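The task is simple: from the sequences and hints, build the whole structure.
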Amino acid sequence: MTTPLPPAAGVVAPTPSPVLSARHLVKHFPVRTRGILKRRIGVVHAVCDVSLDLGVRETLGLVGESGCGKSTTARMLLNLIPPTSGEVLYRGTNVTGLARKQMQPLRRDLQIVFQDPFASLDPQMTVSALIAEPLRIHGRYADGGREQVQDMLRTVGLNPEHGNRYPHEFSGGQRQRIGIARALALSPRVLILDEPVSALDVSIQAGVINLLEDLQDALGLTYLFISHDLSVVRHIVDRVAVMYLGRIVETGTTEELFTSAGHPYTQALISAIPLPNPHKERARERIVLTGDVPNPVNPPSGCRFRTRCWKAQDICAVEEPALVDRGQGHPVACHFAEVRPEII
Amino acid sequence: MTTADTSAPADLDVPLDVEELTVAFPTDDGLVRAVRGVSFHLRRGEALGIVGESGSGKSVTAMAVMGLLPETAQITGSARVLGRQTLGLDDAAISAIRGKSIALIFQDPLTSLSPVYTVGKQLAEAVLAHFDVRREQAWDRAAELLDIVGIPDPRQRVNAYPHELSGGMRQRVVIAIAMANDPDVIIADEPTTALDVTVQAQVLEALETARAETGAALVLITHDLGVIAGHVDRVCVMYAGKLVESGSIDEIFYTPRMPYTLGLLGSLPRMDQARSQRLTPILGTPPSLLHLPPGCPFAPRCPLAADVCREHEPDLVPVAGGHAAACHFSDRLIEVTPTDLFRPTATDARVLAELEDDR
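Going down the list, the sequences are from chains S and W. Under my numbering, think of the first position of the first sequence as 1, with each following residue one higher. Under my numbering, think of the first position of the second sequence as 1, with each following residue one higher.
You may find that some hints are simply not true.
[Stated by the list, open to error] One side only, chain S facing chain W, incomplete, derived with CB under 7 Å:
| # | residue |
| --- | --- |
| 1 | Val202 |
| 2 | Ala272 |
| 3 | Pro278 |
Source of the hints: derived by calculation from the structure; they are not laboratory data. These numbers were taken from a predicted model, which means no experiment stands behind them. Where a beta carbon is used, it is the ideal one built from N, C-alpha and C, also for glycine.
Dropping the structure here:
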């Protein structure tokens, strides 16, 4: 066991003793040619120097658009893929590089719920078998496993009598509940929720969000909530880290971020969310970004957002802005960070 | 196929007039009744939103109007574009209307663009299909259209293949193609659902530009009430193949009179409200369109449901002015908020009831 490291500069860290932390995580994926030789012709810079801390019983939101590295970060946090550099600490223990076997006891504590409840459940297993599987793997099924599975089903709002049914007999929302039950079977401390409600219709989504809130209160869970939907994020998380092209560009409490965002990207992201309120929606002055997210194989020099930023100056191409407090009360990685009133 | 009179005089103020449209698909398990008597009128230059969740029949309605449903589909009712019946037309006849009078924008631009032709060729083709112009003029028009929808370097981009463009750019190309023939109606079916929010904002802006340029009326089909709030004048809410409420944008958002609409609004996390407010989901799931029970299809999920709801399906009747709702108890919903009607629970009522029974 190592003692917890002092927080790195710009780390998302208000909590004194985080459950799970990432320190300077970097992930590069090689791009290879097709064919037999598979020559390496480039590198996708998926995640660059991401540091964050997850405090006990808190919910950290990781937001950003497709390809910004949210899910890759999550997979590194769970040691499902090895980072190119950097480390992940679970309650002070460095888990990067741990072998499968050494990792297994930690897997009990760290679980993940995936986005697509259609793809993440084996269609040939009954619901009970799906929820029992983690218990069996960890040798806990013999000892009252059956009752535990029934309890789990009840906890997530499903009828235990339906345990012998197959996933296809359930709706999307119910399937996502099965995914949550499966993740909860081993009584984890940390749940990584990778776009858990994005595939669901709004009326169903609301029930799953309420369930996640109730479970956190009842079981004292810590959540990392990954989503591209800022209105859901604002509703459920305590702190937010905004990612753009592999980097965290801004982080703060939910209140700070939605009332005094300092990074132009965060502002554009908040401004782009359509409000289901016609009067407000029509009166808003929307920030519409130009262009698309650049290719992560060849990210822009300096600030990665500068190619789409209306504030970009010469310095942005040369010097990468550090993620530090620039007078907004929370860290912002922008040379020209400034609060913009009335974004929502 | 259709019983409606095809030679009615064109009402030029109503470029799209859908009357009692029903669509059913025969399957091995029985008849799936995807659309069950939908009527709406689109006025010239107006933007109409159709909202509803997956499987509510929104897309099938659009496909029926465009004549894009498979031949096995059983369609009745009428859909008139500029007074001309589109249901039951053969391929050649509908092709004269499609693109020229009415254009469709799909959710996924990769399926509506051909991967083997440059976007310029596809745009020029759309122009040439309905206009008698020279090829060079069509290509000029193609570049011009790309410019209008906000694609940078349009002169170069005409030579790009769809796979060379990002999702947002592709969707803008599709919008440009839709504009090509100056249509009277544009139907956009979930045009931004597959896109990131910042790109969604760009595409919606392109769609607004397309409307302004062509003066076309818009049918915007989406599940996103936020998108609806910013871009349409009137809204139709669909549930289980029927319109359950229709009215002006303000009526639907601020004074809804159908429990389903209230439920949808209460399910949304609101950026414009206090964070602490708990969501009020609609419990249960939408009914199967294969074996619809008698009565109101929303009754099993509705907190107001009474015996009458399970026996008689309510019609869409006016509640005030142009505002109509299909609910036996819509008069009880005056000044009712979602939180008055739905509970902020996490568990399905039916499951709760089943659990109670077990004890």
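Right, here's what the structure says about each hint:
Taken as an interface hint, Val202(S) checks out: its beta carbon lies about 5 Å from the nearest beta carbon of chain W, inside 7 Å. With a cut of 7 Å, the hint placing Ala272(S) at the interface with chain W holds, because the nearest CB-to-CB distance is about 4 Å. Against a cut-off of 7 Å between C-beta atoms, the interface hint on Pro278(S) holds, since the closest Cβ of chain W lies about 4 Å away.
In this structure, none of the earlier numbered hints is contradicted; all agree with it.
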